[in-house]
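Each residue of the sequence shown is one higher than the one before, starting from 1288 at the first, in the numbering used here.
The hints are simulated quantities; they were obtained by calculation from the structure and are not laboratory data. Accuracy of the hints is not assured; some may be wrong.
Claimed, not checked - Simulated crosslink set (DSS-like; lysine-lysine; CA at most 25 Å straight-line):
| hint | residue 1 | residue 2 |
| --- | --- | --- |
| 1 | K1363 | K1304 |
| 2 | K1510 | K1494 |
| 3 | K1345 | K1304 |
| 4 | K1345 | K1494 |
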Amino acid sequence: MGVKHCLYDWMNVWWRKRCEDTDLSQIRAIRVLDLACGSGEVTEALGDWIRTAYNHSKSPPKQILPNRPGTLRDWKRSPPPLSPNDLRIEVYPTDPYTAPAYEQRIHRTCATLSFQDIASGELPTSHFPLGSMGSVNDESVLPNTLPDGESNQTEDEVDLPTEEHENIEPMNDSDNPHLEMAICSFALHLIETPSQLYGLLTELSQKTRWLVVIAPHKKPEIKSSWGWLQWNLATWESTEMGSRDPGSEILQERVHLRVYRSLNF
(Lines of atoms letter the chains of each structure in order from A and count residues from 1; the text may use other names and numbers.)
(Lines give C-alpha, C1' and ligand atoms only; values in the text may rest on other atoms or scores of the structure.)
Protein backbone atom coordinates (compact mmCIF):
# COMPACT_ATOMS: atom_id res chain seq x y z
CA MET A 1 0.00 0.00 0.00
CA GLY A 2 2.97 2.31 0.55
CA VAL A 3 3.88 2.21 -3.15
CA LYS A 4 0.35 3.14 -4.16
CA HIS A 5 0.17 5.94 -1.58
CA CYS A 6 3.48 7.39 -2.80
CA LEU A 7 2.38 7.25 -6.43
CA TYR A 8 -0.91 9.00 -5.67
CA ASP A 9 1.02 11.80 -3.97
CA TRP A 10 3.46 12.05 -6.88
CA MET A 11 0.80 12.04 -9.60
CA ASN A 12 -1.22 14.69 -7.76
CA VAL A 13 1.72 17.08 -7.50
CA TRP A 14 2.92 16.26 -11.03
CA TRP A 15 -0.45 17.12 -12.53
CA ARG A 16 -0.86 20.29 -10.48
CA LYS A 17 2.62 21.61 -11.26
CA ARG A 18 2.59 20.62 -14.90
CA CYS A 19 -0.71 22.45 -15.32
CA GLU A 20 0.91 25.58 -13.94
CA ASP A 21 3.85 25.69 -16.35
CA THR A 22 2.72 23.78 -19.45
CA ASP A 23 0.16 24.17 -22.22
CA LEU A 24 -2.32 21.42 -21.30
CA SER A 25 -2.61 20.36 -24.94
CA GLN A 26 1.02 19.19 -24.71
CA ILE A 27 0.35 16.72 -21.89
CA ARG A 28 -3.06 15.40 -22.90
CA ALA A 29 -1.54 11.98 -23.55
CA ILE A 30 1.58 10.73 -21.80
CA ARG A 31 3.73 7.63 -21.98
CA VAL A 32 4.95 5.92 -18.81
CA LEU A 33 7.66 3.26 -18.73
CA ASP A 34 6.98 0.75 -15.95
CA LEU A 35 10.57 -0.47 -15.60
CA ALA A 36 11.21 -3.78 -13.82
CA CYS A 37 7.44 -3.85 -13.41
CA GLY A 38 7.23 -6.94 -11.22
CA SER A 39 3.69 -8.24 -10.99
CA GLY A 40 2.16 -4.86 -11.87
CA GLU A 41 1.85 -2.91 -8.63
CA VAL A 42 2.86 0.40 -10.26
CA THR A 43 0.60 -0.12 -13.28
CA GLU A 44 -2.29 -1.00 -11.00
CA ALA A 45 -1.74 2.08 -8.82
CA LEU A 46 -1.59 4.41 -11.85
CA GLY A 47 -4.72 2.81 -13.25
CA ASP A 48 -6.57 3.32 -9.98
CA TRP A 49 -5.37 6.95 -9.82
CA ILE A 50 -6.60 7.84 -13.31
CA ARG A 51 -9.90 5.96 -12.90
CA THR A 52 -10.55 7.79 -9.62
CA ALA A 53 -9.75 11.08 -11.35
CA TYR A 54 -12.19 10.25 -14.17
CA ASN A 55 -14.88 9.34 -11.66
CA HIS A 56 -14.32 12.63 -9.81
CA SER A 57 -15.01 14.54 -13.04
CA LYS A 58 -18.48 12.94 -13.09
CA SER A 59 -19.16 13.04 -9.35
CA PRO A 60 -16.84 15.23 -7.25
CA PRO A 61 -15.79 13.59 -3.96
CA LYS A 62 -17.16 14.82 -0.68
CA GLN A 63 -15.00 17.33 1.14
CA ILE A 64 -12.05 15.66 2.83
CA LEU A 65 -11.73 16.79 6.41
CA PRO A 66 -8.32 17.99 7.65
CA ASN A 67 -6.11 15.45 9.34
CA ARG A 68 -6.84 14.77 12.96
CA PRO A 69 -4.61 13.06 15.50
CA GLY A 70 -5.00 9.31 15.30
CA THR A 71 -6.77 9.32 11.91
CA LEU A 72 -5.56 8.49 8.41
CA ARG A 73 -5.74 10.98 5.55
CA ASP A 74 -8.17 9.79 2.91
CA TRP A 75 -5.50 9.82 0.19
CA LYS A 76 -7.42 7.36 -1.97
CA ARG A 77 -9.87 10.17 -2.79
CA SER A 78 -7.11 12.69 -3.52
CA PRO A 79 -6.83 12.51 -7.36
CA PRO A 80 -8.09 15.69 -9.09
CA PRO A 81 -11.18 15.59 -11.32
CA LEU A 82 -10.07 14.78 -14.87
CA SER A 83 -11.75 13.61 -18.04
CA PRO A 84 -10.17 11.50 -20.81
CA ASN A 85 -9.94 14.76 -22.75
CA ASP A 86 -7.72 16.19 -20.00
CA LEU A 87 -5.24 13.33 -19.64
CA ARG A 88 -4.61 9.82 -20.89
CA ILE A 89 -1.86 7.53 -19.65
CA GLU A 90 -0.26 4.93 -21.88
CA VAL A 91 1.90 2.43 -19.98
CA TYR A 92 4.85 0.47 -21.36
CA PRO A 93 5.68 -2.42 -18.97
CA THR A 94 8.80 -4.56 -19.03
CA ASP A 95 10.47 -7.12 -16.78
CA PRO A 96 12.70 -9.99 -17.93
CA TYR A 97 11.86 -12.14 -14.91
CA THR A 98 8.27 -11.48 -13.89
CA ALA A 99 6.47 -10.83 -17.19
CA PRO A 100 4.25 -13.92 -16.73
CA ALA A 101 3.21 -12.73 -13.24
CA TYR A 102 2.46 -9.26 -14.62
CA GLU A 103 0.35 -10.68 -17.43
CA GLN A 104 -1.50 -12.94 -15.02
CA ARG A 105 -2.37 -10.02 -12.74
CA ILE A 106 -2.89 -7.16 -15.22
CA HIS A 107 -4.10 -9.24 -18.21
CA ARG A 108 -1.93 -7.23 -20.60
CA THR A 109 1.17 -8.02 -22.62
CA CYS A 110 4.47 -7.31 -20.83
CA ALA A 111 7.84 -6.95 -22.58
CA THR A 112 10.86 -8.84 -21.29
CA LEU A 113 13.53 -6.16 -21.74
CA SER A 114 16.25 -6.05 -19.10
CA PHE A 115 18.10 -3.07 -17.65
CA GLN A 116 20.90 -3.85 -20.13
CA ASP A 117 18.44 -3.85 -23.04
CA ILE A 118 17.14 -0.43 -22.00
CA ALA A 119 20.72 0.83 -21.57
CA SER A 120 21.39 -0.33 -25.14
CA GLY A 121 18.59 1.87 -26.45
CA GLU A 122 15.63 -0.51 -26.60
CA LEU A 123 12.15 0.35 -25.36
CA PRO A 124 9.06 -1.85 -25.03
CA THR A 125 6.71 -1.86 -28.00
CA SER A 126 3.74 -3.32 -26.10
CA HIS A 127 1.62 -0.64 -24.46
CA PHE A 128 -1.96 0.05 -23.46
CA PRO A 129 -4.12 2.85 -22.04
CA LEU A 130 -4.92 3.01 -18.35
CA GLY A 131 -8.39 3.80 -17.07
CA SER A 132 -10.34 1.36 -19.20
CA MET A 133 -10.20 -2.12 -20.63
CA GLY A 134 -9.56 -0.74 -24.09
CA SER A 135 -11.44 -1.59 -27.26
CA VAL A 136 -12.31 -5.12 -28.23
CA ASN A 137 -9.56 -4.92 -30.86
CA ASP A 138 -6.86 -3.94 -28.37
CA GLU A 139 -4.08 -6.42 -29.12
CA SER A 140 -2.44 -5.86 -25.73
CA VAL A 141 -5.34 -7.59 -23.97
CA LEU A 142 -4.28 -11.19 -23.47
CA PRO A 143 -6.83 -13.76 -24.66
CA ASN A 144 -8.27 -16.30 -22.26
CA THR A 145 -6.82 -14.66 -19.16
CA LEU A 146 -10.14 -14.24 -17.40
CA PRO A 147 -12.80 -16.79 -16.49
CA ASP A 148 -15.82 -16.85 -18.80
CA GLY A 149 -18.06 -13.89 -18.23
CA GLU A 150 -15.59 -12.12 -15.93
CA SER A 151 -14.27 -8.64 -16.68
CA ASN A 152 -11.36 -6.51 -15.49
CA GLN A 153 -13.67 -3.53 -15.29
CA THR A 154 -15.13 -2.47 -11.96
CA GLU A 155 -18.51 -0.85 -11.49
CA ASP A 156 -16.92 2.54 -10.96
CA GLU A 157 -14.56 2.35 -13.93
CA VAL A 158 -15.02 4.93 -16.66
CA ASP A 159 -14.77 3.73 -20.25
CA LEU A 160 -12.88 5.91 -22.68
CA PRO A 161 -14.61 6.76 -25.96
CA THR A 162 -13.73 4.25 -28.67
CA GLU A 163 -11.61 6.72 -30.59
CA GLU A 164 -9.47 7.31 -27.50
CA HIS A 165 -8.18 3.74 -27.68
CA GLU A 166 -6.13 4.42 -30.79
CA ASN A 167 -2.41 4.30 -30.20
CA ILE A 168 -0.78 7.60 -29.31
CA GLU A 169 1.04 8.89 -32.36
CA PRO A 170 4.86 8.84 -32.16
CA MET A 171 6.42 12.11 -31.10
CA ASN A 172 8.38 13.78 -33.89
CA ASP A 173 9.29 16.94 -31.99
CA SER A 174 12.94 16.71 -30.98
CA ASP A 175 12.25 19.00 -28.00
CA ASN A 176 9.95 16.39 -26.48
CA PRO A 177 11.07 13.11 -24.88
CA HIS A 178 9.69 9.79 -26.00
CA LEU A 179 8.32 9.24 -22.49
CA GLU A 180 6.94 11.56 -19.83
CA MET A 181 8.24 9.41 -16.98
CA ALA A 182 9.97 6.15 -16.18
CA ILE A 183 9.02 4.53 -12.88
CA CYS A 184 11.19 1.88 -11.24
CA SER A 185 9.89 0.33 -8.03
CA PHE A 186 12.05 -1.70 -5.62
CA ALA A 187 14.54 -2.68 -8.33
CA LEU A 188 16.97 0.09 -9.30
CA HIS A 189 19.04 -0.40 -6.14
CA LEU A 190 19.61 -4.02 -7.18
CA ILE A 191 21.88 -3.04 -10.09
CA GLU A 192 25.25 -4.41 -9.10
CA THR A 193 27.81 -1.89 -10.38
CA PRO A 194 27.93 1.91 -10.77
CA SER A 195 28.92 1.48 -14.43
CA GLN A 196 25.74 -0.51 -15.14
CA LEU A 197 23.64 2.09 -13.36
CA TYR A 198 25.41 4.87 -15.26
CA GLY A 199 24.71 3.19 -18.61
CA LEU A 200 21.02 2.75 -17.83
CA LEU A 201 20.39 6.21 -16.44
CA THR A 202 22.32 8.14 -19.10
CA GLU A 203 20.29 6.36 -21.77
CA LEU A 204 17.01 7.00 -19.94
CA SER A 205 17.89 10.70 -19.57
CA GLN A 206 17.63 10.93 -23.36
CA LYS A 207 14.26 9.18 -23.48
CA THR A 208 12.19 10.52 -20.58
CA ARG A 209 11.62 13.78 -18.73
CA TRP A 210 11.11 12.28 -15.25
CA LEU A 211 12.68 9.36 -13.43
CA VAL A 212 10.67 8.14 -10.43
CA VAL A 213 12.56 5.84 -8.07
CA ILE A 214 10.66 3.90 -5.43
CA ALA A 215 12.74 2.01 -2.87
CA PRO A 216 12.79 0.79 0.74
CA HIS A 217 15.64 3.24 1.46
CA LYS A 218 17.52 6.17 -0.10
CA LYS A 219 19.63 4.07 -2.45
CA PRO A 220 20.83 4.01 -5.17
CA GLU A 221 23.04 7.08 -5.28
CA ILE A 222 22.48 8.95 -8.54
CA LYS A 223 25.01 11.48 -9.82
CA SER A 224 24.21 14.67 -11.74
CA SER A 225 26.87 13.69 -14.29
CA TRP A 226 24.57 10.84 -15.30
CA GLY A 227 22.07 13.25 -16.85
CA TRP A 228 19.71 13.94 -13.95
CA LEU A 229 18.77 16.58 -11.39
CA GLN A 230 17.08 15.58 -8.14
CA TRP A 231 13.74 17.37 -7.96
CA ASN A 232 12.17 18.98 -4.91
CA LEU A 233 8.42 18.39 -5.03
CA ALA A 234 7.62 21.21 -2.60
CA THR A 235 9.50 23.99 -4.42
CA TRP A 236 9.26 22.34 -7.87
CA GLU A 237 12.91 23.13 -8.44
CA SER A 238 16.12 21.14 -8.62
CA THR A 239 17.87 20.39 -5.35
CA GLU A 240 21.24 19.00 -4.33
CA MET A 241 21.70 15.31 -5.07
CA GLY A 242 21.02 13.30 -1.93
CA SER A 243 19.19 16.24 -0.34
CA ARG A 244 17.14 15.63 2.78
CA ASP A 245 15.32 18.95 2.60
CA PRO A 246 11.51 18.92 2.94
CA GLY A 247 10.04 17.96 -0.41
CA SER A 248 13.12 16.02 -1.54
CA GLU A 249 11.18 12.77 -1.30
CA ILE A 250 7.80 11.27 -0.54
CA LEU A 251 7.81 8.85 2.39
CA GLN A 252 4.74 6.74 3.07
CA GLU A 253 4.62 3.58 5.15
CA ARG A 254 8.43 3.21 5.02
CA VAL A 255 8.43 3.49 1.22
CA HIS A 256 10.63 6.22 -0.29
CA LEU A 257 9.80 7.90 -3.61
CA ARG A 258 12.33 10.27 -5.16
CA VAL A 259 12.02 12.14 -8.44
CA TYR A 260 14.71 13.22 -10.89
CA ARG A 261 14.39 15.46 -13.94
CA SER A 262 16.40 14.89 -17.07
CA LEU A 263 18.99 17.53 -17.97
CA ASN A 264 18.00 17.00 -21.62
CA PHE A 265 14.36 18.18 -21.35
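Inset, instruction - Quickly compare the C-alpha distance for K1510 and K1494 to 25 Å and report which way the hint goes. - result: holds, 18 Å
Legend entry - Proposed proximity, K1304 with K1345 (alpha carbon, max 25 Å): Holds, at roughly 23 Å.
Legend entry - Hinted pair K1363 and K1304, Cα distance within 25 Å: holds, 20 Å
Inset, instruction - Quickly compare the C-alpha distance for K1345 and K1494 to 25 Å and report which way the hint goes. - result: With a Cα-Cα distance of about 35 Å, the restraint between K1345 and K1494 is violated, given a limit of 25 Å.
Checked against the numbered hints given earlier, the structure breaks only hint 4 and satisfies all the rest.
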